[in-house]
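Protein chains: 2
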Amino acid sequence: MEKLYVIKIGGNVIDNAEKLHLFLKNFALLKGKKILIHGGGKIATQVADRLGLEVKMHNGRRITDQAMLEVVQMVYGGLVNKNIVSILQAMSCNAVGLTGADLNIIKAVKRPVKDIDYGFVGDIAQVNQEALAYLLDNGYIPILAPLTHDGKGNMLNTNADTIASETTIAMSATYQTHLLYCFEKKGVLKDVNDENSVITSLNEKNYAEYLAQNVIFAGMIPKLDNAFSALKKGVHEVVILEADNLQNIENRHFIGTRITLY
Amino acid sequence: MEKLYVIKIGGNVIDNAEKLHLFLKNFALLKGKKILIHGGGKIATQVADRLGLEVKMHNGRRITDQAMLEVVQMVYGGLVNKNIVSILQAMSCNAVGLTGADLNIIKAVKRPVKDIDYGFVGDIAQVNQEALAYLLDNGYIPILAPLTHDGKGNMLNTNADTIASETTIAMSATYQTHLLYCFEKKGVLKDVNDENSVITSLNEKNYAEYLAQNVIFAGMIPKLDNAFSALKKGVHEVVILEADNLQNIENRHFIGTRITLY
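Protein sequence lines correspond, in order, to chains A and B.
When you read off a place in the first sequence, starting at 1, and then add 152, the result is the number in the numbering used here.
When you read off a place in the second sequence, starting at 1, and then add 152, the result is the number in the numbering used here.
Any given hint could be a false lead.
[Stated by the list, open to error] Capping the alpha-carbon separation at 25 Å, the derived lysine-lysine pairs in DSS-like fashion look like this:
1) A:K177 <-> B:K262
2) B:K183 <-> A:K304
3) A:K171 <-> B:K304
4) A:K262 <-> B:K177
5) B:K171 <-> A:K304
6) A:K177 <-> B:K259
7) B:K177 <-> A:K304
8) A:K266 <-> A:K304
9) B:K177 <-> B:K155
10) A:K177 <-> A:K194
11) B:K155 <-> B:K304
12) A:K177 <-> B:K304
13) A:K259 <-> B:K177
14) B:K357 <-> B:K385
15) A:K304 <-> B:K186
16) A:K186 <-> B:K259
Hints are computed from structural coordinates only; laboratory data are not their basis.
Build the full structure now, drawing on both the sequences and the hints.
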């Protein structure tokens, strides 16, 4: 099967113009088929502030009312996505920016209200791998914003990590898939204060031990749960690495955390 | 040659949710290959106001500084474009929202500064008809926002009427092209206060006469100049009609202004 890289770039890199430019340069140079998923970063919160909207969070997740949906649609779908696409085009990378609504790439279901009403937040129902493959087949590079749609005419806000893993799972039917989470740290760290304490390899058994010891906690847990779930559903490889390190992924001389089942 | 409709929908229809919905319903029902280009409407000005930005105009054209470029990128590329795409998807129309940067669809040149510095405004240099044809060939419906890019990493603000005519001209190499300008009036009117005074057919000779008599003036002039220029460059037909009237375009029982060279 042909190799496909699905790369998620985190919000902290998006927020730093210089880091973003360097990352996109390495992304453009990466050979073969690839898909980029970008997070939102702090710009949506800044724009909401300037518009006088109150940002509501619950357990680190944004509550998306109608006004906030319009902000994330503008910032993720219009500002961040098109900035990335235009920069990549200047690097001879034939990018196409998409939300889940475009070509019906990702259909989602509005999250049911239980204790908390998250508002216009979508849980992914289906990824349209045929449409993505049609673009890839002609050398086009899909750049996905963290937005989906419900198929009833509404856009929905969806976590970029989840879009990355679900998209990679769907593409695994026809490609040997490599899911890379690029962010501002060197990988999953044993000691959050020591950048040199990278856990270079992590399987389910180690993971359970690290969790029990509280070595891995907070925002890393859903990311890793997503990673193991992806491996069980046919994804060939999951790596968590520093954005700058993407340039070394092809020659395998990178530092980062490689996640495996066994 | 196969028929292709290129349809421009004006800002006044974009601003009215009910009218927009009705128009999109008729657009979705239109058989065969089609491309939609949308204007911006008043939302960009409203968002700029709420962000405390001063809107600068010259001869009815927006001056686009860096802050305003971000606003139009957000509003045209993120808010309006994705609203249209998600509504069309709910109508089983497999839409894909694009700016000129996506797939390098429309490359432009930043307008040179003469008397006035229009800022980040792009004059179209090239339309990528191969990429649009690749999407159309798989049944996808391109929805173009009035944004282009300069190929050097910058987005540019570009007039939607011009995007419509230049795109139609480029597509005329491989399709029998029909360029439809849909707006809130019934067509080009002899008397702006009388909706029943539609000029149903307009050739270059009539046009010159109407111009001399001041029957046609203001914003209609660049639109008609564009239309005649398009016909000279291979476009099969140009029609200016009321958005509601799109439903009658296939059976040719529409009221509107049909523009011809002779």
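In rising order, the numbers of the hints this structure does not comply with: 11
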